[in-house]
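2 protein chains.
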Amino acid sequence: MAERLIHLNAFENASPVNISSGLWRHPEDQSHRYKDVRYWIELAQMLEGAGFDSIFMADVLGMLDVYQGKPDAALRTATQVPINDPTTLVSAMAAATRHIGFAMTVSLTYEQPYAFARTMTSLDHVSGGRVGWNIVTSYLDSAARNLGRAEQMSHDERYDRGDEFMEVLYKLWEGSWEDDAVVIDKARGVYVDPAKVHPIRHQGPYFSVPDAFIAEPSPQRTPVLFQAGSSARGQQFAATHAEGVFVHGTRPEVIAPVVANVRARAAALGRDPRSVRAFAVTTIVAAETDEAAQAKYAELLSYADYEGAMVQFAGPLGVDVSKFDPDQPLTEINPNAAHFTRHLFADADPDRVWTLRDIADYMGVGGMGPKFVGSGKTIVDEMQRWVDIADLDGFNITYAIRPGTFADTVKYVVPELRRRGLMRPAYQGTTFRENIYGAGQARLRDDHPGKKFWRG
Amino acid sequence: MAERLIHLNAFENASPVNISSGLWRHPEDQSHRYKDVRYWIELAQMLEGAGFDSIFMADVLGMLDVYQGKPDAALRTATQVPINDPTTLVSAMAAATRHIGFAMTVSLTYEQPYAFARTMTSLDHVSGGRVGWNIVTSYLDSAARNLGRAEQMSHDERYDRGDEFMEVLYKLWEGSWEDDAVVIDKARGVYVDPAKVHPIRHQGPYFSVPDAFIAEPSPQRTPVLFQAGSSARGQQFAATHAEGVFVHGTRPEVIAPVVANVRARAAALGRDPRSVRAFAVTTIVAAETDEAAQAKYAELLSYADYEGAMVQFAGPLGVDVSKFDPDQPLTEINPNAAHFTRHLFADADPDRVWTLRDIADYMGVGGMGPKFVGSGKTIVDEMQRWVDIADLDGFNITYAIRPGTFADTVKYVVPELRRRGLMRPAYQGTTFRENIYGAGQARLRDDHPGKKFWRG
Numbered sequence: 001m002a003e004r005l006i007h008l009n010a011f012e013n014a015s016p017v018n019i020s021s022g023l024w025r026h027p028e029d030q031s032h033r034y035k036d037v038r039y040w041i042e043l044a045q046m047l048e049g050a051g052f053d054s055i056f057m058a059d060v061l062g063m064l065d066v067y068q069g070k071p072d073a074a075l076r077t078a079t080q081v082p083i084n085d086p087t088t089l090v091s092a093m094a095a096a097t098r099h100i101g102f103a104m105t106v107s108l109t110y111e112q113p114y115a116f117a118r119t120m121t122s123l124d125h126v127s128g129g130r131v132g133w134n135i136v137t138s139y140l141d142s143a144a145r146n147l148g149r150a151e152q153m154s155h156d157e158r159y160d161r162g163d164e165f166m167e168v169l170y171k172l173w174e175g176s177w178e179d180d181a182v183v184i185d186k187a188r189g190v191y192v193d194p195a196k197v198h199p200i201r202h203q204g205p206y207f208s209v210p211d212a213f214i215a216e217p218s219p220q221r222t223p224v225l226f227q228a229g230s231s232a233r234g235q236q237f238a239a240t241h242a243e244g245v246f247v248h249g250t251r252p253e254v255i256a257p258v259v260a261n262v263r264a265r266a267a268a269l270g271r272d273p274r275s276v277r278a279f280a281v282t283t284i285v286a287a288e289t290d291e292a293a294q295a296k297y298a299e300l301l302s303y304a305d306y307e308g309a310m311v312q313f314a315g316p317l318g319v320d321v322s323k324f325d326p327d328q329p330l331t332e333i334n335p336n337a338a339h340f341t342r343h344l345f346a347d348a349d350p351d352r353v354w355t356l357r358d359i360a361d362y363m364g365v366g367g368m369g370p371k372f373v374g375s376g377k378t379i380v381d382e383m384q385r386w387v388d389i390a391d392l393d394g395f396n397i398t399y400a401i402r403p404g405t406f407a408d409t410v411k412y413v414v415p416e417l418r419r420r421g422l423m424r425p426a427y428q429g430t431t432f433r434e435n436i437y438g439a440g441q442a443r444l445r446d447d448h449p450g451k452k453f454w455r456g
Numbered sequence: 001m002a003e004r005l006i007h008l009n010a011f012e013n014a015s016p017v018n019i020s021s022g023l024w025r026h027p028e029d030q031s032h033r034y035k036d037v038r039y040w041i042e043l044a045q046m047l048e049g050a051g052f053d054s055i056f057m058a059d060v061l062g063m064l065d066v067y068q069g070k071p072d073a074a075l076r077t078a079t080q081v082p083i084n085d086p087t088t089l090v091s092a093m094a095a096a097t098r099h100i101g102f103a104m105t106v107s108l109t110y111e112q113p114y115a116f117a118r119t120m121t122s123l124d125h126v127s128g129g130r131v132g133w134n135i136v137t138s139y140l141d142s143a144a145r146n147l148g149r150a151e152q153m154s155h156d157e158r159y160d161r162g163d164e165f166m167e168v169l170y171k172l173w174e175g176s177w178e179d180d181a182v183v184i185d186k187a188r189g190v191y192v193d194p195a196k197v198h199p200i201r202h203q204g205p206y207f208s209v210p211d212a213f214i215a216e217p218s219p220q221r222t223p224v225l226f227q228a229g230s231s232a233r234g235q236q237f238a239a240t241h242a243e244g245v246f247v248h249g250t251r252p253e254v255i256a257p258v259v260a261n262v263r264a265r266a267a268a269l270g271r272d273p274r275s276v277r278a279f280a281v282t283t284i285v286a287a288e289t290d291e292a293a294q295a296k297y298a299e300l301l302s303y304a305d306y307e308g309a310m311v312q313f314a315g316p317l318g319v320d321v322s323k324f325d326p327d328q329p330l331t332e333i334n335p336n337a338a339h340f341t342r343h344l345f346a347d348a349d350p351d352r353v354w355t356l357r358d359i360a361d362y363m364g365v366g367g368m369g370p371k372f373v374g375s376g377k378t379i380v381d382e383m384q385r386w387v388d389i390a391d392l393d394g395f396n397i398t399y400a401i402r403p404g405t406f407a408d409t410v411k412y413v414v415p416e417l418r419r420r421g422l423m424r425p426a427y428q429g430t431t432f433r434e435n436i437y438g439a440g441q442a443r444l445r446d447d448h449p450g451k452k453f454w455r456g
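Chains as they are written, first to last, in the UniProt record's numbering: chain A, 1 to 456; chain B, 1 to 456.
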């Protein structure tokens, strides 16, 4: 039954708000501590105590500015701005823990693979093999225009460049330094055996990297790879590279075909389809009883922010909804927005007529994702239902308040998961990849396409 | 007499070897721990206990491969390879200390200012205002060819781009967010006041950055800026931007005109010339007595590595000296090398005829820089002589062995400096800049050119 274990990740970001805009105003919320390294150390220690696989850091390099055509509402509500570079937090959290992993969102669109490879390898060294990378190819025009690209590359071009970027990384991480290249032989005066360090001689349409890697192999070599691509091209990219996909959807029935599709594509590439771990994004509101949890949900929702929700809704929709009447049915105002909403909230009555206020109410706690509200028993029942229907391996848990949402999950949900034998009794190894695949699997699996670059 | 205080920085890098190749073989050396976060935490705590201003991290993104026309000897002797990204170490060291600063070498040649600005701001947040930046414009072809540039930009072009890069950074760090932009007003539901966050609208020959900064101001806003430019264009760059310059030379008489020149250029730009702090690079071999220190020096030197020294000598010389007879006078083999050597080792007898073996002997401990060998009294005498002649503010101390060189400095040199009142009795503030300029100066000085972008 190893397949049915439920893995938990905390879905975080180095900003006052990730998903639930307005909740920073809650009396118990500590989101203003996002720039305080102590917040991160305390969080990592608490989650490691509960057996979480990782802290999974979202990131953006541009502001959400579709709403009102400017970033003012994003700033006012601190919705993903200000935001710090999450990689700068890793070594402090790693030094204070021993097992929990750290998955970092970094867009490859604005990086050079040679320098980026070294940063990730360095993080893997300082954490003793506990770094993951959520591969993003970026969608924000606001990032592109400040980072030397007047406009975005086309969608497919981004993925083509991404595939070559990954190839360069595999060559550097897996293929450049053999396992026994570092000998540290004091008698012979040889620290590294140059015969076991190989120039990668990469020459492609996007990158030229002729030389050997400049860093020695880290415990995992390649960090644990995550992806969340949803387009056909994105799913093919995920099926090729991802060891974990995280999937969004308000019902497990919506997620199931996405997971099945990525796994089928992975199988077609010669990978064990089950080796692509699937994590659904959800927000947890847990309490002693279902009634107490529902009351907590209502109380949390009272701090939600209409504008903050609209900032997040307008971004992917690509329509400035500030011009719409909040209480007028969307079907009357904008057919695209109405269609987008039906698609997004697939769990709702298909005949329901949504207004923007309805959407903001839905998004207030947990944004466009689902929320599991209840006692530990109710939430774990729901988790199991999702796992069964969508063939999941676990959840990326977003916070409503910090660290309250995670503290409640640790207090109410984790014990119930343990009671049912749904969490591994203890960490299986010392690396992030072993948290996911079990003891001994610190490196890429043999069926992962990056592994073919490994020289042993 | 505040001008005559002597400030100490530890000159480190995240590699088995920085300057003294071969010394990793010394029985007491722990350089193999360069990838162990505990090494860095222990070092930072020891140096903070002794009142050091900072740990100053060197870095390169390419291998030294002029010697033999390949990187094999650099690898064999681990001379600046393998090397990790030093920025990944900051948060762990910062979380374990309260005062010591962390100066990071990063080449601006391969960075986009918008993303780089955020990384430095994030490091300044997580360290509570203790980050510095050693601005490098890169000279290694081996870095350029792996980072998307088939060849280096011309020397002057690198500095022109560098000046614009700095302008973008000042706009982001100083000018984009007003001091009271972050209000965190729960009653009004305003986290950031958008009226106090300004798009920087930068449009120049090298960079286009229209939008506002995505991170909120950190304690120092602009990190403490260091530079080591030695060409005329490099000195002008340093005089414009640097708050600290670090200078290389085997005699203080050689360093004096360099320091005077940078300060004169700074004065011409309207800056207080004394506000450009000058630090000389040196290696310290300290012991209870002069005799014991000389014996220690001889013992250290017995672990020096000829090839490692030649790897470092060949790089800036630009000549593959592996083809030369180690024992033949350089004047007979290569006039350029002979001239370079005379220039480099300006303290030697001008009529001396050097061989490569002589050079390797000189470089064995401390590389091309000076070394202060002796009791605490002797070394502090020498420090004072250097400070007086070259008008210095302190020293960047390179290690022969780790952490032994720093432990000896703390044990033998720091007490003598304190005895003479040459070190401040305690840290003056909580930021790196206050370590250098004194309490209250967490931000750029008013006469620094970056300050004119500040909006208050």
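Keep in mind the hints are simulated off the structure, nothing from the lab. Please read these numbers as outputs of a predicted model, since none were measured by experiment. Fair warning: there could be bad hints in the mix.
[To be verified] Ranges between beta-carbon positions, derived for each pair:
(1) B:Asp156 / A:Arg455: 40 to 46 Å
(2) A:Gln428 / B:Ser231: 51 to 57 Å
(3) B:Asn261 / A:Pro27: 44 to 50 Å
(4) A:Glu299 / B:Pro425: 48 to 54 Å
(5) A:Arg455 / B:Thr331: 44 to 50 Å
(6) A:Pro194 / B:Pro316: 19 to 25 Å
(7) B:Gly270 / A:Glu42: 52 to 58 Å
(8) B:Lys411 / A:Gln45: 33 to 39 Å
Yeah, the Cβ is synthetic: ideal placement off N, Cα and C, and Gly gets one too.
Of all the hints numbered above, which does this structure not satisfy? Sort the numbers upward.
The structure breaks hints 3 and 7; every other hint is satisfied.
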